[in-house]
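Could you put together the complete structure from these sequences and hints?
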Amino acid sequence: MHPDLPRPAPGPVEAPFWEWCRRHELRLQRCSDCGTFRFHPRPRCPACTSAAADWTPVAGTGTVASYTVLHPPVLPAFADRVPYNAVVVQLDEGPFMVSNLLGIDNADLAVGMRVAVTFVDIDDEYTLPQFRPVGAEAAA
Amino acid sequence: MSPPDRIDVVGGRSAIAGIGETVYGKNLGRSELDLACEAIVAACADAGFPVQEIDGIVSYHIEQVSEEAIVHALGIENCSFMARTTSGGGGAASIVGLAAVAVASGQAESVVAFRARNRSKGASYGGDPNQGGRPWEKAGRSVSGGNQWHHPFGVASPTHEMALIARRHMALFGTTAEQFGMQSVAQRFHASHNPRAIMRTPITLDDWHNARMIADPIRLVDCSLENDGATAILVTTPERARDLAQPPVTVLAQAMGAGPIHVALADYFRTSSSFDERDFAGRHIARQLFARAGLTPADVDVAAIFDHFTMAVPLSLEQYGFCGLGEGGPMIESGATRWPDGALPVNTHGGSNGEGFIHGANHVPEAVRQIRGTSTCQVVGAEVALVTGAISDPAGAVLLGRG
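Same order as they appear, the protein sequences are chains A and B. So the first sequence is numbered by our numbering: it starts at 1 and just counts up by one. So the second sequence is numbered by our numbering: it starts at 141 and just counts up by one.
Since the hints were derived computationally from the structure, they do not count as laboratory data. One thing to keep in mind: the hints can contain errors.
A short, non-exhaustive set of chain B residues, derived as facing chain A with CB atoms under 10 Å [what the hints assert, rightly or not]:
(1) A279
(2) G280
(3) H290
(4) F293
(5) G294
(6) V295
(7) L304
(8) R307
(9) R308
(10) M353
(11) I354
(12) P357
Selected chain B positions facing chain A (in silico; Cβ < 8 Å) [unchecked claim]:
(13) E277
(14) S282
(15) S284
(16) H291
(17) A296
(18) H300
(19) A303
(20) A311
(21) R352
(22) A355
(23) D356
Beta carbons are placed, not taken as given, at the ideal position from N, Cα and C, and that holds for glycine.
This is the structure we're talking about:
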């Protein structure tokens, strides 16, 4: 692992997301008053301004809303991985997440692909939520 | 939900009297303060205006040159207004908007708006970690705030972010990467006429195809340049401007807006992801801007559109109402944005991939030259010019016209 690999340094509002990932569970903030899911974490519900929220399990499945394949220049810690993909996944609960799609040839990336979360333990402290294709595309 | 119409007291009550630019180039070897001072002094010289009568200073929120440093370097003794715009390149045009607000409301008489940058690769003058090179490359291994939602996935630079937005637009509307390339080619053609431009050799669409990929679908020649330089604009009252050296260019209207896209990448498609008016600030800005000026997009003769990447141009054309949603790519393909024959020449100085990248501030002097009639790609009889900030941020825009 590259020594400069970026690691999350979350504040108190954000920390539970990463703690649940560490336990291989995808949970998002859900407004306790109006039920709206939100990501990334924030102190208030953008739908109703309530401060009350629960870290609620989500299905971990979604659809590729967009993708790119990255070439230099990239962060120093990723220089030996180029070209690598990045995706925006719309989770079935609504929110969007930036991640990577594993187990796919970058030439096969497509908007609309169905994907499911997979948890990659980076080290003893930190787990990254990445995605894999599901259904017909899952052959890889 | 639209805000209620309000009576605008800013439009028409200020004018750009002077523009100043340093050389734009790679590794100039000068501090940002030095460059800023040169541009400000040049803007005052252009206007025939005494530097020490400046009484207001406006810049970008991430400008590294402080108001204090400007005041001390130039001996400005009566500074009565200081303000900064929001959201990086989103606030590019709004340095003029804020200056206009200050002048129209009597907070200051003569405001200088500026931006200075050392962004050449390897440039590191001044010792500040934010000066020189690419700030995102120096984010380090511990990432907090918005960066924690994308840096761990190797997504860090504005190019990465805009590539994801561009690909979504392509998927929804059939926009092609080649249409971004056509804007790149048009701007490099404009730059070939401009002695200030860093990239004066025109390119072809074949050159675009052969340019190396940075972040699919964005190629090298779609990207803004990484260079040094500074730009300054002097905004004063219409009365004062009339007594100065240049024909006044009136600030017809300014407007700002914030859309939900670009919350540090993670949330930028919110729940609609359809590029409609819920997603970007541009529609909101355009609605206010044109209403305040009493104009429509059809009245705009020439546009200087924030183009950190060429994909921002078709999206901006849509958001500002020059074409329908999803029609920005075909509009570029039709030649509409190319001088001299296009209906709406865009970035006639060569833009950020041709003239240079002063974070969009250098788009303002070009719009001023168009209204004065002195551009190297002059739109004949241009009377109204639009200048916009970045499409993906909370942003702003101004409409400029004859005094």
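field: Supplied contact hint for R307 (chain B), tested at 10 Å Cβ to chain A
entry: holds, 5 Å
message: Given a cut of 8 Å on the nearest C-beta pair, is the interface hint for H291 (chain B) held or broken against chain A?
response: holds, 4 Å
query: If you take the shortest Cβ to Cβ gap from H300 (chain B) to chain A, is it below 8 Å?
result: holds, 6 Å
query: Going by Cβ atoms only, is E277 (chain B) closer than 8 Å to chain A?
result: holds, 7 Å
task: Have a go at the A303 (chain B) hint: is there a Cβ in chain A nearer than 8 Å to its own Cβ?
output: holds, 4 Å
task: Answer holds if the nearest beta-carbon of chain A is closer than 10 Å to that of F293 (chain B); otherwise answer violated.
output: holds, 5 Å
- request: Using 10 Å as the Cβ threshold, decide whether P357 (chain B) counts as touching chain A.
  value: With Cβ-Cβ at 8 Å, under 10 Å, it holds.
- request: Could you check if L304 (chain B) really has its C-beta closer than 10 Å to a C-beta on chain A?
  value: holds, 5 Å
- prompt: Does the nearest C-beta of chain A fall within a distance shorter than 10 Å of the C-beta of M353 (chain B)?
  reply: holds, 5 Å
query: Once the shortest beta carbon distance from A296 (chain B) to chain A is found, is it less than 8 Å?
result: holds, 5 Å
- prompt: Can we keep the A311 (chain B) interface hint, with Cβ of chain A closer than 8 Å?
  reply: This hint holds: A311 (chain B) lies near chain A, its Cβ roughly 4 Å from the closest one there, short of 8 Å.
- prompt: Any CB of chain A closer than 8 Å to the CB of A355 (chain B)?
  reply: Status holds, d = 5 Å.
Checked against the numbered hints above, the structure breaks none of them.
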